[in-house]
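Trainee: Next come the chains, spelled out residue by residue.
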Amino acid sequence: MASLLQQPILQRCSRIFSVLLVLLLLGWMTRPIEAPAWEVVKAGQPEMNLGAIEGALGQGLVVGMLGGFRAILADFLWIRTSTIWERRDRVKLDAMIRLVTTLDPRPDFFWINGSRMIAYDVPNWRIREEGGYDKVPELRQHALDLEQAEQAFDLIDEALEFHPGKAKLYLEKGQIYLNRLKDDANAANWFLKASQQADAPYFAARIYAELLRNQGKNEEAYVFLKELHNSLPNVPFAQKGIILERIRELENTLKIPLWQRFEADKSLGASESESQFNAAVPAPHQHEH
Amino acid sequence: MSPLDFCTRIRLIAGTTFLEAVRQKFFNSLLLISIALVGSSTFFQQFDFGAGELKFITDFGFGALFFFGSILSITATTQLFFNEIENRTALTMLAKPVYKLEFLAGKFLGAQLLMFCFTLVITLVLSGILYWRESALLDRLGDEVSLDGPLIRYGDVFLFGFLQWLKFGILAAITLFVASFSNTNLYTIVVSFFVLVICQLQYIARDAYSGMEAGWERLLVFGLGLIFPNFQLFNIGDQLVFDVEKALPASTVLQITCYGLIYAVVFILLAQVNFRRREI
Numbered sequence: 001m002a003s004l005l006q007q008p009i010l011q012r013c014s015r016i017f018s019v020l021l022v023l024l025l026l027g028w029m030t031r032p033i034e035a036p037a038w039e040v041v042k043a044g045q046p047e048m049n050l051g052a053i054e055g056a057l058g059q060g061l062v063v064g065m066l067g068g069f070r071a072i073l074a075d076f077l078w079i080r081t082s083t084i085w086e087r088r089d090r091v092k093l094d095a096m097i098r099l100v101t102t103l104d105p106r107p108d109f110f111w112i113n114g115s116r117m118i119a120y121d122v123p124n125w126r127i128r129e130e131g132g133y134d135k136v137p138e139l140r141q142h143a144l145d146l147e148q149a150e151q152a153f154d155l156i157d158e159a160l161e162f163h164p165g166k167a168k169l170y171l172e173k174g175q176i177y178l179n180r181l182k183d184d185a186n187a188a189n190w191f192l193k194a195s196q197q198a199d200a201p202y203f204a205a206r207i208y209a210e211l212l213r214n215q216g217k218n219e220e221a222y223v224f225l226k227e228l229h230n231s232l233p234n235v236p237f238a239q240k241g242i243i244l245e246r247i248r249e250l251e252n253t254l255k256i257p258l259w260q261r262f263e264a265d266k267s268l269g270a271s272e273s274e275s276q277f278n279a280a281v282p283a284p285h286q287h288e289h
Numbered sequence: 001m002s003p004l005d006f007c008t009r010i011r012l013i014a015g016t017t018f019l020e021a022v023r024q025k026f027f028n029s030l031l032l033i034s035i036a037l038v039g040s041s042t043f044f045q046q047f048d049f050g051a052g053e054l055k056f057i058t059d060f061g062f063g064a065l066f067f068f069g070s071i072l073s074i075t076a077t078t079q080l081f082f083n084e085i086e087n088r089t090a091l092t093m094l095a096k097p098v099y100k101l102e103f104l105a106g107k108f109l110g111a112q113l114l115m116f117c118f119t120l121v122i123t124l125v126l127s128g129i130l131y132w133r134e135s136a137l138l139d140r141l142g143d144e145v146s147l148d149g150p151l152i153r154y155g156d157v158f159l160f161g162f163l164q165w166l167k168f169g170i171l172a173a174i175t176l177f178v179a180s181f182s183n184t185n186l187y188t189i190v191v192s193f194f195v196l197v198i199c200q201l202q203y204i205a206r207d208a209y210s211g212m213e214a215g216w217e218r219l220l221v222f223g224l225g226l227i228f229p230n231f232q233l234f235n236i237g238d239q240l241v242f243d244v245e246k247a248l249p250a251s252t253v254l255q256i257t258c259y260g261l262i263y264a265v266v267f268i269l270l271a272q273v274n275f276r277r278r279e280i
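Here the protein sequences line up with chains A and B, keeping their order.
So in the numbering used here, spot 206 of the first sequence is number 206, and the numbers just go up one at a time.
So in the numbering used here, spot 17 of the second sequence is number 17, and the numbers just go up one at a time.
It is worth saying that the hints were derived from the structure and are not from the lab.
Heads up, a few of these hints could be off.
Unchecked claim - Taking lysine-lysine and the BS3-like style, the derived pairs with C-alpha atoms no more than 27 Å apart in a straight line are:
1. K168/A with K135/A
2. K168/A with K42/A
3. K168/A with K226/A
4. K42/A with K25/B
5. K168/A with K182/A
6. K168/A with K96/B
The following block holds chain A by itself, in its conformation from the complex (with noise of 0.2 Å):
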């Protein structure tokens, strides 16, 4: 027995072991101290925070791997990817932006283009490679568009994942369905979702508004329009004075009687267009009734 202890063999893999054996309980009286400051790290960064197994090993990867480079990599390859663009590949150009997207996806500039090429340009060239809009019957040009629709808010719902809650790529979402699928329902859900994020535009809140309109939904449009003018701060950007000509027209279709129209706030300090329609439209307490 102590003869067979003596082999050469054993003797290593005892010391593979032990090494083995002190690694495991170094890993294991250390993770008191690394565990929590991991948790730190760790919420910092959203790319090793993803669910699924296949993003969170290719971001492993490259964060792992890159580290700082993986900007500037990103970088040449979106040059790479214009090219492909320019060439009208759209197998490439799909992979490429993928890549892209998957080596740095803190700017928001690659996925919003990378949706908007995959959205508008690549249903061009489809329908033009089946024949041209001449030709090609508007159901398949429909069905073109809403396939392509598809592949880019996939990528726009990947990139919330990086940007939870970032507007511009509600907003993204909400153009798609208005200006390539026209479909005002949807586009108006996007919009809404847009203007509820902290760094939304003031403009996707109207543009909801105004596609409710579109859709006949008066009434909706003005209980949302009186509430947002209430809502919003009294800076130009706000555009204030647009929302209460847009109440105002509504409150004209609606047929909503005098006394029971919409009194803007004066102490807010009423814009030029805001205090035409006020000299217009008297307000409902400078009458008698």
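Assemble chain B onto chain A, guided by the hints.
Mentor: For chain B alone, coordinates are given in the frame of chain A:
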């Protein structure tokens, strides 16, 4: 063996190792390439589509520090170790009252001093470029923006450098550990690079482990997560420098520092266990 003699011998070996390392062409060329790359980040910035100028330069500099630092840490440590073995100077040294642990600790500290110089130079160059671009940006914007403080927290650039230096320390210790049982330069470099890759990606295995059902696979992945140190812990560049809200708490920095020191010491001790048995 008095502790004073022990420290003196380690200091002497570390000093000699450092001088030898600084004179190496490989170190000087790599340092020059890194400086040139960090310096040219403003040129590469024109190809940038996503991030802001300062963020791009910071990312680029941190990338250069990690990439070239890792290469230097592994190759320099390997070369410094094997030079002594191949030139037979280790025999002369160890024939004197110098213990193998002292020899290893001296080599490690010499390599770490070299990495300190490298990290310091790169962070200084990066800070200089950031300062230059920040000043240019503020001049351009003039009174358009009102700032509560500086755009860049320069302390964070050095904090990142310090944490990377700690990581290079673990890497150098791992390289010494591999060198302690390896017979060739090449084998040590290749294995150390593989270990670096595993350590960088170790966290993915841990994430997978947390989502797995009980079984031997779970045990295996759990074991892998424990055996290899988590290098991703040191990659905190995204959280530093710009975003005040994301700033790393001091307790976390302390925890990462302790983690790095413990691993470096344990790998040197493991290297010593192997090296003690080795015939030179």
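Trainee: Holds or violated: K168/A and K226/A, Cα atoms, limit 27 Å.
Mentor: Holds - the C-alpha atoms of K226/A and K168/A are around 24 Å apart, at most 27 Å.
Trainee: With a cut-off of 27 Å on the C-alpha distance, tell me whether K168/A and K42/A pass.
Mentor: 25 Å, holds
Trainee: Given the hinted pair K168/A and K135/A, is their alpha-carbon gap at most 27 Å?
Mentor: 36 Å, violated
Trainee: What's the verdict on K168/A and K96/B, does the C-alpha distance respect the 27 Å limit or exceed it?
Mentor: 70 Å, violated
Trainee: Given the hint that K168/A pairs with K182/A, does the C-alpha gap stay at or below 27 Å?
Mentor: 19 Å, holds
Trainee: Holds or violated: K42/A and K25/B, Cα atoms, limit 27 Å.
Mentor: 38 Å, violated
Hints 1, 4, 6 from the earlier list are contradicted by this structure; the remaining hints agree with it.
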